[in-house]
Every structure is written in structure tokens, then in C-alpha cells.
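Participant: From first to last, the protein sequence lines are chains A and B.
Under my numbering, the first residue of the first sequence is numbered 1, with each subsequent residue one higher.
Under my numbering, the first residue of the second sequence is numbered 1, with each subsequent residue one higher.
In short, the hints are calculated from the structure, not lab data.
Note that the structure is predicted; figures quoted are calculated from it, not measured.
Heads up, the beta-carbon is just placed ideally off N, CA and C, and yes, glycines get one too.
Where hints are given, some of them may not hold.
[As the list claims (entries may be wrong)] Short derived list, chain A residues pointing at chain B, Cβ under 8 Å: (1) T90; (2) P94; (3) S126; (4) S161; (5) Q199.
[What the hints assert, rightly or not] Calculated pairs, DSS-like style, for lysine-lysine (alpha carbon to alpha carbon, straight line, at most 27 Å): (6) B:K116 x A:K173; (7) B:K75 x B:K116; (8) B:K40 x A:K256; (9) A:K256 x B:K32; (10) A:K52 x A:K66.
If you want the building blocks of each chain, they are given just below.
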Amino acid sequence: MGRPIDRREFLQLAGLGGAAFASGLAACAGLGSAKQDDFYFVQLSDTHWGFKGPALNPDADGTLHKAVAAVNALAVEPDFIVFTGDLTHTTDDPKERRRRLAEFRDIVGALRNRNVRFMPGEHDASLDNGQAWKEFFGPSYYSFDHKGVHFIAIDNVSDASARIGEGQLAWIKADLAKKDRDAPIVVLAHRPLFDLMPQWDWATRDGTQALELLTPYRNVTVFYGHIHQEHHHMTGHIAHHSAKSLIFPLVAPGAKPKREPVPWDPAQPYRGLGFREVDAEVEKAAYRITEYPVAKA
Amino acid sequence: MRPERRRVLAAGVAALAGAAVGAAVLAQPQDKVIRITARKFEFVPEDIALKKGEPVVLEFTTADVLMGFNAPDFKVRTDIVPGQVARLRLVPDRAGDFEFFCDNFCGEGHETMSGKIRVTA
């Protein structure tokens, strides 16, 4: 399904060098000067609070704090911040799960910007169908509008079988029906909605049905997490952008026989970790992505 | 039990029923049966030796939580529901080593829960 974006296309789309990426139908025309309703938001993902593994991240207890400090230090405050899932590392113990969720909530409570949107990942939600997560953060799927862009947060993790489910798909369909076919739409998800690597669990079992609902809309961009690395892909006219993790990177799709983490490199601490800002040019439904390291090496 | 959870379980049971019925229709009496237990966080056995072109029925059970079996190279999968037997009929059409894995998130060790089908010519 779809096609990866090649290096040539990447270079054509990139706006500010290697750290930036432009997305959207009008992206090739370049992002123009900022208009009043243009805005930016910050995406953080896969913080896995509670993870222990010094070989992968000897600063597992400190990385999230550093990310919060880095976001607070941005020169211009974002309009909002979104966490695209796996806020906590999974545990079979429901009490420990709630303890981790509470600690995570307290840590990110230090974010200066109070407009924070949360989404679950399978580590947070798959063992109890999202019950504990919802106690802390509310509904696991929702939509909202911001300065002319319609955001849809999809839950493709609470069902342990990685399904969105018929009920939520019906809700997505009804939500989209209120929008014009030209409306700028941003989808937020944890897992990829397309079959990136099903054998590595990098897919959503009924993601194709969600994409079929989205396809009639001409300006759709998806931001997701789960795969612990930056990745860009097109399915038809829909762009999909995965975010880096804030705990450890995973190897590139297909680079190894099995999915595996990239070990911590003491010579390059925090390599492969980070967060991003997404600059939205609303009129063109164009998005420029700028990647930030979690901490200066 | 929360209504959503009930729906998820019902869907899982329905999917399993479909898989079991399909396998029962396809399975032949002479097929070799291989019993596989899925438990946190391993398949026992995790190495399954098969012969190319020789049909087998894989029979799954679990005493733990909802698990899954997925062998993408052969395009087969099934849910493995506690208290039930899931069956898949498989006729390997090529030799080699092929990964399978649990595709229902089942706990702390889920991401390493996998095994190998070794098909000889």
C-alpha cells in the first residue's frame, strides 16, 4: 500500500535542511510567510515512563524531564502539545500501571503550555482496554478544531488486537461527514494506519478502513508514533509522519531480521531521541516538521 | 464488566469461531496435528518443523490471556482465547525459516513472543 518518500522527493520538500520536512499537497510550493492563523504544535511520543534498561537508556528516569525542559525552552510557545501514545512502559500490575500514569502526568504538568492533548499507546492501554489510561486522561479518541484545521485523534491501541473497531470507525465517519472535502485534516494516532511492517507489529489491523474514510478528503496528514523513529510515507495523497521516541530508538523497518532497539551509544548520548514541532500553514494545508534533539550531546 | 470490554471479547470469540469452523471444514482426518501452547511470553514449542507440501493442523491453546498467532509469510493468523482451542490448517508451499509471533498485546514480554516455522523440502 502506498509508497515511501524517496530522497529526491525529501530534498524537494525539505524546507530548512536535514532537520525539517514539509508535508501537504501545497508543500512543493513552499511554505510562505506566516499568516495570522498559522500556528505550530509540538509532538512528543513514546516516552515509556517506567522503562528500565541501562543498555538502552541509562537516563530513563531523566529523559522525560529533559524533554519537558526543552519544550519549555522553545523561543516561541506552541499553540498546543500532543503526546502520541506509550506515555508509560507496560506492566502487568494494574496498580503499577496507575502509578506510572500518575507520575507521567505529574512530570508533564511542568510544561509551561497548558494546552496538552494526550493519546494512549498499546503499552498504556492494551492490557485493560484503556481503562486506567482513561481514568487519568479522559476519552481515548476525540476530535477538535484549531485555527481552521480539524484534528482527529484515533485510538488504535486499546483493543489488544490493534483494531480501531467498528464503533470508532463509525464515529470517524460521522465526524468527517461534518467537514468539507477540502478541509485541512490532521489525524493523530499511535500505530501507523498503513501496513508499514505487520510482522513487526507496525500496522493497524483495520487501518485500511480508516484510510478509506479519509481518502475522499483532499488535505489529510497523519502524525503517529509507535516505531520510535522518524519515518515518512505516502498512501495515495495522504502523508504519514512518525515521530521519534523519548526512551530508545528502534532499528529502521526491515534493517534487521527482527525488530530490535538501538543500544545507547555513550559517545552520542540521546542519539535518535527527540521531539518535533509542526508548523501549520492553514491556507495551503501544508506542514513543516522540524526535529529537535531531547538534550544537547 | 464494561460494555466496551464485552464487545471486544465478543468480537474475539466470534473471530475464533470463524477460524475454527474454517479449519474444521478444511482439515482432513490424516492431517498431522501439532499442539502449541501460548503462554506469557512464549510459544511452546517455539520451533515448528514442517515439510514442504505436507499439510498440518496447528492447534493452539492458552491458559493466560487473549493471545494471537500470526505467520505473515503464510498469511495465516488466529486469536487464541483462554478456554478454547484454535485451529489453523497450513500447507507450507516453500522451504525455509519463517517467523511467527503473537499479535495480540499480552503483557510485559509481548514484544519478544515469537517463534520459527522451519520448512524442509
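Participant: Does each hint hold? Answer for all of them.
Facilitator: Now for the hints, and whether the structure bears them out:
1. T90: OK, holds: T90 (chain A) within 8 Å of chain B, min 6 Å.
2. P94: 12 Å, violated
3. S126: Check passed: Cβ of S126 (chain A) comes within 4 Å of chain B, closer than 8 Å.
4. S161: Hint holds; S161 (chain A) Cβ to chain B Cβ min 5 Å, cut 8 Å.
5. Q199: Result: holds, 5 Å to nearest chain B Cβ.
6. B:K116 x A:K173: 40 Å, violated
7. B:K75 x B:K116: Within the cut-off at roughly 15 Å; holds.
8. B:K40 x A:K256: The given pair, whose Cα atoms are some 25 Å apart, holds under the 27 Å limit.
9. A:K256 x B:K32: 33 Å, violated
10. A:K52 x A:K66: 17 Å, holds
Violation of the numbered hints given earlier is confined to hints 2, 6 and 9; the remaining hints are satisfied by the structure.
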